[in-house]
Amino acid sequence: MKKALLSMTLSSVALFAHHGVASLGVAGLEGPGAPIETTSSATLPEGKMLGYMKLDYASYEKFTPARDDETDTSYYWMYGLGYGFTSYLSGYIFAPYYTKQLENGDETSGFHDINLMGVVGFKYDDGFLLTPSNESLDDLEDWHFTLFANVSLPTGNSELTDRNGVRYDAGLQLGFGEPSFMIGASATKWFGNNWTFTADTSYNTFLEHRYNDGVKVKFADETRLNTALSYKLYTHAQKKLRIDANFEANYLHLGRDKENGVPQIATGGDILYNTAGFRLFYNNISAAIGLKVPVWTQLNEEALQQGSEGKENYRIIFSFSTLF
Amino acid sequence: MKRLLLCLVPLIASAHDLWIKKVPQGYQLNYGHLHITQTHGGQKIMPYDPETIQSIICHKDGKVESIENPKHYPLVVTQKCDELFITMDHGYFTKTPYGTKHLPKNAVKMPLKSWYSIESVKRVEKNSKESIGHGLEIVLLNNPTEVGDKARLLVLFDGKPIQGVVVAYGDKPRGQSGADGRVNIRIKQPGLQNIKATLRQPCSDEKCDEMVYTTTLNIEVKE
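In order, the protein sequence lines correspond to chains A and B.
Heads up: the first sequence runs through residues 1223 to 1546, numbered per the numbering used here.
Heads up: the second sequence runs through residues 49 to 271, numbered per the numbering used here.
What the hints contain is simulated information worked out from the structure, not anything from laboratory work.
All figures in this text were calculated on a predicted structure; none of them were measured in a lab.
Errors might be hidden in some of the hints.
[Said to hold, decoys possible] Simulated pairs of lysine-lysine, DSBU-like, Cα-Cα distance not exceeding 35 Å:
#1 K177/B - K1461/A
#2 K255/B - K270/B
#3 K108/B - K70/B
#4 K119/B - K69/B
#5 K92/B - K1270/A
#6 K143/B - K1461/A
#7 K208/B - K236/B
#8 K1270/A - K70/B
#9 K1411/A - K70/B
#10 K92/B - K1462/A
#11 K70/B - K1461/A
#12 K1411/A - K149/B
#13 K1462/A - K220/B
#14 K128/B - K255/B
#15 K1462/A - K143/B
#16 K270/B - K177/B
#17 K157/B - K1411/A
#18 K1461/A - K270/B
#19 K1270/A - K220/B
#20 K1461/A - K69/B
#21 K177/B - K108/B
#22 K108/B - K1461/A
#23 K69/B - K157/B
#24 K119/B - K208/B
#25 K143/B - K157/B
#26 K220/B - K69/B
#27 K255/B - K1270/A
#28 K1411/A - K198/B
#29 K270/B - K143/B
#30 K1462/A - K236/B
#31 K1462/A - K255/B
#32 K111/B - K1461/A
#33 K208/B - K1462/A
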């Protein structure tokens, strides 16, 4: 059971992706939509800043009726600030705030490792070119892409202890203790009508961390593949309001965590989620809400992995962003 | 950008078209509605005052030549031109509670809004990719030949790139010129293309609120 917790924190790490950027939400009524979980290929306009907030709430399936150390719920808050250095290069800083609650009342809560992210945008228009500063609606129909890279810095506390002074399981800690690295790519196609297709993939890897008690943990690598369809449901020109519906398929592959170099049971596996929700654009703000549920899982030791990815009852995702 | 576009939708949607049609005698200047619209039905040609034609410029083999206005309706230019550029000066218009008057702001009672309208049209037969250097102008930088191609455009004012000019296609705003004057529009229907750019600038005197420059690019794309 404890081992399953290892993976619990990690899955949310890759959710820093710059999805939900209101690049067109600012403008709003025309142009491509933006999914909820899948990373769109929008970059920030040059000289503009983005304020971002996201909540990912997870409720976990319980395996036993007893009030034990099963994972109950988690709240992954994310606060971010982005800046458009050029039309094709955006930078972000994210400060996650996590609360993880167990059934027995134990919880850890606080700021997790700070993340830095860079995004390079490009497109295909009679050849590949960096995302230009000015695009017409016809240009926005071209395939757009991004490459992104993310590094987390070990600013969170990775040595939290319970009331008896015993170090919490690595999965309940508020930091990885070491930097982690992610690279990824996204593609977006607006069909010039109500429909937008978005896809992204990313790979996340972690360095081995040695805790004060001498235990060494290396969290498993993570691979993601997300696809999304967005449909423009409603627009109101005078109010500068737009509402999109989103439907996504989110695949996650988790490897096995290692403790002191030994692969751990009850970690890792493959999960496919579906996310359905809505995004609202209003003036220069964008807000999204979605319900994410695991629809297919193939966990390594499914019966032992309470509290890990794929064992959620559901996740509720809310995000808010504004460009200024 | 789109916020501005939205503001301009009603303006552009209600505007008339100016186009140059190839006729047996040469090129004929037409005014009205080029394409079928929900508002206006099919193509509709409306009369215009030939006196409003300010200039007729013929670009042929790299040379720019001014042609004298024959002041005859409809205007037919018989010279062969690689590019033909015609400018019309419609003068002052002022909106009042009792209708829109063809007068400057200081010549009417209770003016609500006033503008000075200059409209131009360029037909490209053989693309020089060069500027004529006169008023608001769209320079075609490539040679779109079929539906789906992009027309790569350079918007100039008196020969210099100008930013923020709204460009419409099929009476719908599709983009704005960037700092380098560039904007791309995708060809979506065959035949004569009407790509329209609109620039609004403050009026320099008390006779109007703004100068409204509209220019149209005509190119033929195969059926």
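Now for the hints, and whether the structure bears them out:
Of the pairs offered as hints, the one joining K177/B and K1461/A is violated, with about 41 Å between alpha carbons and a cut-off of 35 Å exceeded. Of the pairs offered as hints, the one joining K255/B and K270/B is violated, with about 45 Å between alpha carbons and a cut-off of 35 Å exceeded. Taken as a hint, the K108/B and K70/B pair is honoured in the structure, with Cα atoms around 16 Å apart against an allowance of 35 Å. Pair hint K119/B plus K69/B holds up; C-alpha atoms about 18 Å apart against a cutoff of 35 Å.
Simply put, K92/B and K1270/A have alpha-carbon atoms about 46 Å apart, too far for the 35 Å limit, and the pair is violated. Between the alpha carbons of K143/B and K1461/A the distance comes to roughly 26 Å, so the proposed pair stays at or under 35 Å and holds. Distance hint between K208/B and K236/B is fulfilled; the C-alpha atoms sit about 28 Å from each other, no more than 35 Å. Distance check on the hinted pair: K1270/A and K70/B sit about 48 Å apart at the alpha-carbon level, beyond 35 Å; violated.
Of the pairs offered as hints, the one joining K1411/A and K70/B is violated, with about 39 Å between alpha carbons and a cut-off of 35 Å exceeded. Simply put, K92/B and K1462/A have alpha-carbon atoms about 34 Å apart, close enough for the 35 Å limit, and the pair holds. Between K70/B and K1461/A the alpha-carbon distance is near 44 Å, which puts this suggested pair outside the 35 Å criterion. Distance check on the hinted pair: K1411/A and K149/B sit about 47 Å apart at the alpha-carbon level, beyond 35 Å; violated.
Of the pairs offered as hints, the one joining K1462/A and K220/B holds, with about 17 Å between alpha carbons and a cut-off of 35 Å not exceeded. Under the criterion of a C-alpha separation no larger than 35 Å, the hint pairing K128/B with K255/B is inconsistent with the structure, at around 39 Å. Proximity of K1462/A to K143/B is assessed by CA-CA distance (about 27 Å); at most 35 Å being required, the pair is judged to hold. With a C-alpha separation of about 20 Å, the suggested pair K270/B and K177/B falls inside the 35 Å cut-off, and the hint holds.
A threshold of 35 Å between alpha carbons decides the hint, and for K157/B with K1411/A the separation of about 53 Å lies outside it, so the pair is violated. Between K1461/A and K270/B, the direct Cα distance comes to roughly 40 Å. Violation of the 35 Å bound is thereby established for this hinted pair. Taking the CA atoms of K1270/A and K220/B, the gap is near 27 Å; set against the 35 Å cutoff, the hint holds. Between K1461/A and K69/B the alpha-carbon distance is near 41 Å, which puts this suggested pair outside the 35 Å criterion.
About 12 Å separates the Cα atoms of K177/B and K108/B, which keeps this hinted pair within 35 Å; it holds. A threshold of 35 Å between alpha carbons decides the hint, and for K108/B with K1461/A the separation of about 49 Å lies outside it, so the pair is violated. Taken as a hint, the K69/B and K157/B pair is broken in the structure, with Cα atoms around 40 Å apart against an allowance of 35 Å. As the CA atoms of K119/B and K208/B are separated by approximately 30 Å, the hinted pair is consistent with the 35 Å bound.
Using a Cα cut-off of 35 Å, the hinted pair K143/B and K157/B holds, with the two alpha carbons roughly 10 Å apart. Restraint check: the Cα-Cα separation between K220/B and K69/B comes to about 22 Å, which is no more than 35 Å; the hinted pair holds. Distance hint between K255/B and K1270/A is unfulfilled; the C-alpha atoms sit about 39 Å from each other, more than 35 Å. A hinted pair counts as satisfied when its Cα atoms are at most 35 Å apart, and K1411/A with K198/B qualifies at roughly 17 Å.
With a C-alpha separation of about 41 Å, the suggested pairing of K270/B with K143/B is violated against the 35 Å cut-off. For the suggested pair K1462/A and K236/B, the alpha carbons sit about 27 Å apart, so the restraint of at most 35 Å is met. Taking the CA atoms of K1462/A and K255/B, the gap is near 34 Å; set against the 35 Å cutoff, the hint holds. Between K111/B and K1461/A the alpha-carbon distance is near 50 Å, which puts this suggested pair outside the 35 Å criterion.
Pair hint K208/B plus K1462/A holds up; C-alpha atoms about 33 Å apart against a cutoff of 35 Å.
Violated hints, listed in ascending order, are 1, 2, 5, 8, 9, 11, 12, 14, 17, 18, 20, 22, 23, 27, 29, 32; each of the other numbered hints is respected by the structure.
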